[in-house]
Amino acid sequence: MTAPAAVGVDRATKHYPTPAGPIRALDGVTVDIAAASSVAITGVSGCGKSTLLGLIAGLEAPSAGRVTIDGEDVSGMSERARAQLRRRRLGLVFQSDNLQPFLTALENVGLQLALGGAADGHDRCMELLVDLGLGDQADKLPDQLSGGQRQRVAVARALVHRPSLILADEPTGSLDAGNAGAIVDLLRGAQREAGTTLVVVTHDPQVAAAMDRILTLRDGRLVGDTDRGSDGA
Amino acid sequence: MRRYVWRDLVRNPRRTLASLVGVTLGIALLSAVLFFIDGSQATMTERAIAPLALDMQRVLGAPLGGGLRFEQRVLGSSKALREGATVRVQLTIANRGSVPANEVVINDEPALPLTYVHDSTRLDGRRLRDSGGQIPLAQGLARSGMNIGTVRPGETVRLSYGARATRPVPAVGELKLRATISTRENVVPVRANAPAPATLERLRDTIATLPGVASADSLSFVDLPGGSLRVGRTVVHDPVRLFAFDERYARRYPSIRIVRGSIAARSALLSSEAARTLAARPGQRISLRLPGGRAPLWLPISGVTDLSRAKPLFSSRKTSRLEDFIYVPNSVVVSSQTFRRVVTPAFRAAAAAVGSQLKTFPLSELDVLVERSRLATDPARALAQSRSVARSIDAVAPGQDLLIDNLSNTLAVAKADAAVGRRMSLFLGLPGAVLAAFLAAYAGAILAGAQRREQANLRIRGAHGGHLRRMLAYRTLVLAGLGSVLGAGLGLASATLALGAGTLWSAPAADLAVSALVACAIGIVTTALALYLPGHRALRREIHGERAELGPARAQTRRRLLAYAGLPAAVVVVGVMAWDAAAFDPPSTSVSTGRSVTLPSRLLIAPLAAWLGGMAVAVPGAVALLSRLRLPSGARFGSPVAGTLVRSIRRRSRALGTGIAGVGLVVAFGMAIAMFSGTYDAAKAADARFTVGADLRVVPSVLSARPHPPSYASKLEVAGVAAMTPVVSKLDNAVLIGPHDQDRATLTAIDPDGFARVAALSDAFFAGGSASRAIAALHDRRALLVDAGAADALSIEVGDHVDVLLARATTHQKLVRFRVAGLFERFPGFPEGTDLVANLDGYAAATRTHEVSFFLGRAADGSDAGLARAAAALRTGPGRSDAIDVQTRATALDKEQSSLTALNVRGLVALDWLYTMLMCAAVIAIFVFGLLLQRRREYMALLAQGMRSGELRTIVMGESAVVVALGLVAGLLVGTGMAALLVDVLRPIFVLRPSLAFPARDIAVLLAVAAAATLVCASAASALLRRLRPAELLRET
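From first to last, the protein sequence lines are chains S and F.
First residue of the first sequence: 1, per our numbering; consecutive thereafter.
First residue of the second sequence: 1, per our numbering; consecutive thereafter.
In isolation and in its complexed conformation, chain S is listed as follows:
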């Protein structure tokens, strides 16, 4: 018996209405992503990568088709259930850190734990920040950190509640090569250590090459699916 895919996308279509008529951002994409695997979604700008990620994260609902996570139909979930899914089982990282500017690094990470229902996650947050080399920056506001540091805090926020699925949208897009490599290493490390599924949207071939599998989108359609097995390590 085949284990259910961590992420299942079945003929997912997404239209956006505009004054000039609807734009088809995603057009019948079907793909399964195995648990504990790492997948890169690549393609040119506007091909639908981020839209696909948004559908998987339950931030948006598909116009047609469906998305499942661990066999559960995300697109059919209530808003409350989707929120519950995100706060407990998903970790999201974006190109921009999207940290809350009024929370310290520690609090930004701690908020994710609090959302997951943890009463006191201080030690877990500090441990993670120390692991990420941010132990002495924990009480600083995002504005007082460098871009690389902020993105590491964002990664910590995505990992702190030990999610089963990490979704990263261009996580290295605004970082220099050194910081970008560090962030990819962090994500891959976490994926391997905890058996987490990692889906990374990127147009950086180096980042894509670090993943087990590479999906290529063009004009909202899946046009390439390269399984690199353990080569991606």
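For the record, the hints were derived by calculation from the structure and aren't laboratory data.
For every residue, glycine included, the Cβ atom is placed at its ideal position computed from N, Cα and C.
Be aware that one or more of the hints could be misleading.
Stated by the list, open to error - Once the Cα atoms are required to be at most 20 Å apart in a straight line, the calculated SDA-like pairs of lysine to any residue come out as:
(1) S/Lys-140 / F/Arg-167
(2) S/Lys-140 / F/Gln-284
(3) S/Lys-140 / F/Pro-632
(4) S/Lys-140 / S/His-122
(5) S/Lys-140 / F/Arg-628
(6) S/Lys-140 / F/Ser-881
(7) S/Lys-140 / F/Ser-627
(8) S/Lys-140 / F/Arg-652
(9) S/Lys-140 / F/Val-646
(10) F/Lys-715 / F/Tyr-474
As the list claims (entries may be wrong) - DEER-style ranges, computed between Cβ atoms:
(11) S/Tyr-16 / F/Asn-12: 12 to 20 Å
(12) F/Asn-12 / S/Glu-79: 23 to 31 Å
(13) S/Arg-80 / F/Glu-1032: 16 to 24 Å
(14) S/Glu-79 / F/His-467: 23 to 31 Å
To be verified - Which chain S residues face chain F? A few, computed with CB under 7 Å, are given here:
(15) Leu-59
(16) Glu-60
(17) Ala-64
(18) Ala-83
(19) Arg-86
(20) Leu-92
(21) Gln-100
(22) Leu-115
(23) Asp-204
With chain S's structure known, arrange chain F on it following the hints.
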């Protein structure tokens, strides 16, 4: 570039609307107030002159006529005089009348540049000695004239004196000769070479045809002593006033009510009181005894008239007391012909008689009504018109009589009130401009932050700083111009709704146009600056500006220092200035002297300074409070919503400060308006109650044939009336005799127990500070309360014993010794003042009179409805069988108040209140949607982390609620201070010192609007959040 800006504005309607709403509402408030004042002023003329009984009175200076002719000329001179030349000035007095002119006084000095030649005065050729080296015709410091004694009929007297030119005189004819003549019969000095005294008829015929004059009617009257009027053997023992006017006059002034018969030639009308006293009826004959020793005048009675409200007849003719209604109950009206042929000659003969003791003289006047419909609606222009009419009336046979111009006096007061109204707009309208600027700046700052990204894109595409600044300028001009024009339109619409189209559009179109232009100009300038400056600042700021929001900055410290020290200091300076100017002391108002309420503009700036200064202190205080909010203990984050909310509020307290300032400014203004409005209404009600004396005043009509003793009060205690008390009072009905001097006084007699139960008493009225103690002192029948001013004038103190002549000038008058038991500043029921208050029983026993002047009553239910029910019960009860006039505090409009009340302050305040509500909602909406615009990525990130939209809504609502709540608290505190200052500044328009009211209902409405706006906006924001595309937003860098 212009096209880009235009498309940006059109394609982002929510942003454009957010920028426009504040400007539009603020300018709408400003312009609505300006339009409202224009409209109110357009009816001020009509309202100001409506109660005026007589527009103008031309009072004859020589009512007894007289045949004296007085000429002055320079003898034997050529046309010019060289320096040093002497001439002779001759004065000729010729009596061409039939009676002697007694005590003829000639007053003259040489006309400049002539000087008197010593010892050159001659009387009929006889040399007169100089007096102290001065011309005998102008002696002493007062330059008094010379009494030449009696000039008999047919006699001519010649006076002459020499004069020398001190410098060349080019034309002798241009010398300003200034000799005057006066006699015992005609005490008003008449100039030499004056035209022959004009007759009343001639004056009337000439003046009636003047442009602007609607009518001119002759009126003559004279007072006759008691005993002058009788029918058969029945005599009127009190003084009698004899009037002469025709039927046309009676028709012109409807307050003259002929209740039986009619006016007829060679007959007499009797006043109701005289007819009752004499038990006379039409057809009987009256006998009038006139001075001069002639036989009595016999006339048939043609009718009975009620003159008790005839202001044209009984308004005082003394220039110092023109507003006094001095009623003489026993009056007779005869025809003008009878007066001219019989009455005037009788007095002339009496005046001419040697040793004459005549105390009153006939007075003849023309009562002129101006064409009121042709007067401009604006009091200032109407005043110019009325003065022009007065000048043309004065120009008819000038120099012999006196013109009393009541119309111009009234319009001068109205004009000043109109100016006060304009100044009121300083307080009621300018905040609109301030709020427009604030809201525009607030919205501008939010938008500028949101546009940073677009501007960065434009820069990448080649736009430089100049381009961006120009685009900002275009956007600012469009928003400020459009907002101001829309605001002016909205202001016009709301003023039309408040005043009615008829009233508003009766204002001159030019005035309305000026108001619109002023509102637009102020709006464009203030909001353009408010929109441009934040935008310009944002252009210079780096993309990541959160540091400024979260960390301390030196500029902020300076601003805080200014807020903590500078603005309050400015408020203190303004307050001291106001105090120093003693402008809080209410000046008295009087139409007769043409004075109105004074309201210096600087005092109206004081509440505005308190408004801005108060908020400048309150907002940093609120921010400091927020920045000290307790965070969850230890390293706990706490609940996601509470933990996020508390940290956001604490660490972004300064950013919230702007929202607090916005809500606070609007609420403070609204609070001040509500409190002022409540105080104004309460003060007006208190003034009305003070004017009436209690809830109700019942005045027996002169038409009533019944006696009204004090016991009649019990008959008036009908359903709805809790208590009634009798009061006796009459103008100048007593003489107060102090240790060194004496004076006429108005005495009021009351029943102390009854009065204490019903009257609108206040401790503030009495010098000792206790109303109950002062009134209780009157249980002693020989105790007297004295007006503090009267006591001061006559050097009377509490505890002194004084003599008072009671029931002065009546057959009941009696001298009684009283002990001064207390002093009072004001007395309820007597807005124009009473001098003495005594015990009614004591007064009745001393004078043996039992007729009461009026009764004061307390309604069982003090509400307006209860009062109306009590008044109705009185009218349908005792009023059915007895002629009584029922006044209530609702019907008795504060006559003592300034005509500023005509400005309809209530309407103005209602307009302000409406815009306060709208702006309160607008500022909350701008804050909430501003949050949404500025923090949407934060919210989306929270959503992506797993926060539910309901929790997000709680955070938005929580933050908004904190801002609104603190804004409300700050606004309520600052508004209370503003209202206290404003009420103090406007104290002169009230009779009694108003105490600050706290209108709970209005404030509850304001709070409800704020709460509803917060709820609605937060819900709408939450709905908008759901429509955003998180994936797209979170991808943005």
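Do the hints match the structure? See the list:
Distance check on the hinted pair: S/Lys-140 and F/Arg-167 sit about 98 Å apart at the alpha-carbon level, beyond 20 Å; violated. As the CA atoms of S/Lys-140 and F/Gln-284 are separated by approximately 112 Å, the hinted pair breaks the 20 Å bound. With a C-alpha separation of about 17 Å, the suggested pairing of S/Lys-140 with F/Pro-632 holds against the 20 Å cut-off. A distance of roughly 15 Å separates the Cα atoms of S/Lys-140 and S/His-122; the hinted pair therefore holds under the 20 Å criterion.
About 18 Å separates the Cα atoms of S/Lys-140 and F/Arg-628, which keeps this hinted pair within 20 Å; it holds. For the given pair, S/Lys-140 sits about 92 Å from F/Ser-881 by alpha-carbon distance, which is inconsistent with the 20 Å threshold. Taking the CA atoms of S/Lys-140 and F/Ser-627, the gap is near 17 Å; set against the 20 Å cutoff, the hint holds. For the given pair, S/Lys-140 sits about 15 Å from F/Arg-652 by alpha-carbon distance, which is consistent with the 20 Å threshold.
Note on S/Lys-140 and F/Val-646: the hinted pairing holds, with a Cα-Cα distance of about 17 Å set against a maximum of 20 Å. For the hint pairing F/Lys-715 with F/Tyr-474, the CA-to-CA distance comes to about 79 Å; that exceeds 20 Å, so the pair is violated. Against the hinted window of 12 to 20 Å, the Cβ-Cβ separation of S/Tyr-16 and F/Asn-12 comes to about 19 Å, which satisfies the hint. Range check, F/Asn-12 to S/Glu-79: Cβ separation about 28 Å, and the 23 to 31 Å hint holds.
Here the CB-CB span from S/Arg-80 to F/Glu-1032 is close to 23 Å, well matched to the stated 16 to 24 Å. Here the CB-CB span from S/Glu-79 to F/His-467 is close to 44 Å, at odds with the stated 23 to 31 Å. At about 4 Å, the closest approach between the beta carbon of S/Leu-59 and any beta carbon in chain F falls short of 7 Å, and the interface hint on this residue holds. Contact between S/Glu-60 and chain F, as hinted, is supported at the beta carbon level, the nearest pair being about 6 Å apart and thus within 7 Å.
For S/Ala-64, the shortest C-beta to C-beta distance to chain F is roughly 17 Å, which exceeds 7 Å, and the interface hint is violated. With 7 Å as the threshold, the beta carbon of S/Ala-83 comes within range of chain F, its nearest partner Cβ sitting at about 4 Å, so the hint holds. Hint status for S/Arg-86: holds, given a least beta-carbon distance of 4 Å to chain F, under 7 Å. Given hint, S/Leu-92 at the interface with chain F, holds; its Cβ is 5 Å from that chain's nearest Cβ, closer than 7 Å.
Among the interface hints, the one on S/Gln-100 holds; its C-beta lies about 6 Å from the nearest C-beta in chain F, closer than the 7 Å criterion. Interface hint status for S/Leu-115: upheld, as the beta-carbon distance to the closest one in chain F is roughly 5 Å, under 7 Å. Hint status for S/Asp-204 relative to chain F: violated, with the closest Cβ pair at about 15 Å, above 7 Å.
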